[in-house]
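Given chain A, work out where chain B should sit, using these hints.
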Amino acid sequence: MTADAQPISTTGDQHDDHAAGAHVVEHEERDSHDSHRHGATDKQYIVIAAILAAITAAEVTISYIDIGPIFLPALIIMMAAKFLIVVSYFMHLKFDSRIFSFLFYLGLLLAVFVYIAALATFHFFDG
Amino acid sequence: MADDEGDRSGEGATSPGEKTSGDGAPDLGNEPHEHGGTVTDTLDEIPMGGVPGPGPVADEQRAADDPNRLTSLPEHAEHRDADGGHATTTGLSNNKMAMWLFLGSECLLFGGLISTYMLYRGRLSGEVGPDQIYDIPFTSVSSFVLLMSSLTMVLAVSAVARRDLRTTKVWLSITALLGTTFVGGQVYEFTSFYREGLGFTTSLFSSSFYTLTGFHGAHVTIGIIMLLALVGMLSRERVTGDKSEVVELVGLYWHFVDIVWIVIFTLVYLIPA
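As you go down the protein sequences, you meet chains A and B in turn.
Residue numbering for the first sequence is 1 to 127, as defined by the numbering used here.
Residue numbering for the second sequence is 1 to 273, as defined by the numbering used here.
So here's chain B without its partners, still in its complex pose:
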């Protein structure tokens, strides 16, 4: 969708509804089409519903039929605003705004989960509570790993802004590796807690703890998948549009996962029940 906007607004693109012949002159309807007929010949092909109106579908069809239509433009030729995004009514990238809106809504999700944990952290059954099972040194190392993954992610964003795709892919891969290390540590932690007798339904504390940290772990896992997919797409030149914006959007998601863990690490692990 974004590419279509860029194509239409780019140099050499035709305005909607305007037809051009092969030499760039307006098509008055007498020029033969690619399939050999004229515009009047194509009347036979018009469906019973009538002539398609000047809606977006009709515009896209005309643009697709236009032999002069630019199917791809270099990044610098795309119509861009001062913020580097496509021209929008706000002057900002819609993709980026959508990502920030999504992250704002994610704050509500994790706010609710953290609130639930804080309220139920004292509801224990038996002897197994947070002070007995938490392994602070181990979790501290996990936190450090996730924090460093944020550094490698921002270095990837910095590299793609310099058009250095090779370095970008290296940093993205390292970020995915660090994220995998973190998730592996979380799986180990869950396993050890379970062996110590803390199941998901053992108490309100355990339910809220596993739900909160499990949701975070799921987000990290999704982030790893996004990172690996992005590396693959960059390698195969499958990323359309502005590569730096795509990497930046994935980076925003990854940093959000990091800041959620910053809050969880302090409120859940470091502050005693």
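Same shape as in the complex, but just chain A:
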């Protein structure tokens, strides 16, 4: 190898190394990015959707049959389950930063508080 060729070769190797390193970093960033964004695979999403559809079918079914005093709690529990599944998996809140969860659930908590306050107002002041 000539002395003239050495720098060219070295420069080329460095360029290749740099390109390869950049590619690896890019690939790792993309993997991290994707796994963060995904949280679940497509098949898992389909299974989750099937579970949601099954819960909906169960809700409709028990609205037609008499199951006694557990009717209302059962409907509320199934509704809450569907809500949490969609928020956690489809909206990726389970895999995302807790700050996002805080922002969303704070709004939800305030909404429930508004409902309780409105109920209380009607209870105490409705003539």
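It is worth saying that the hints were derived from the structure and are not from the lab.
Not one of these hints is a red herring.
FRET-style restraints, in silico, Cβ to Cβ:
id	chain 1	residue 1	chain 2	residue 2	range
1	B	94	A	65	44 to 54 Å
2	A	102	B	272	34 to 44 Å
3	A	76	B	122	15 to 25 Å
4	B	218	A	84	19 to 29 Å
5	B	197	A	102	38 to 48 Å
6	A	44	B	122	34 to 44 Å
In this text the structure is predicted, and so the values were computed from the model without any measurement.
Cβ atoms here follow ideal geometry from the backbone N, Cα and C, with glycine treated the same way.
Frame of chain A; chain B shown alone:
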């Protein structure tokens, strides 16, 4: 705005206030500008208000004049944090945080509307009440359609994360189609209720019912417009910045519309008055 941040922080970008000549060396003021003059020549062009300070406008102007400024960078070259967003003080994407904050405020809106309906659902006038007019099988099918639209939306988000734009556009279009089906069902439902004698001002029940479900329908309609606009923008390469984040943000809005309907379907339709 986000692109500008990425451009400035990207490789090859100059720091604010620093000028470079065409070969990348610092511009000391003697190099001719593109329009032929020097830096001292440009003093004549300075407005009467004085020399612009080192504010953001001046920085943007200098960056725009810089021939070495990168106008677009590949997505992987943008300065990103561990969460995939632009570097921020929180380490999280500001766009995503704004969307979650917006959805949190939307909880308050729908919380108030649902509360109002629950309080007034028994205030009827005449014989037309919820138990007489609700068509549970029809609404169940509508609920199923909206639930499946959430699945197609999350599959679109998954596809765009894989950089598969064609599949992304297909899933987004299917989501818009399912959403349109849901809104069509709601229009049919409203029409049939009206024909049965339940107008908007018939009773407190009807007013609160139409307001609640109408607001939800309006949100679904806005979501459909967002989806179709996104498909068009993706097709024309008009989406700047991180495409996956844009699709994810639209997805968050769409899923929120779905979870609101999950609550409405149970509390309004399934629980008897």
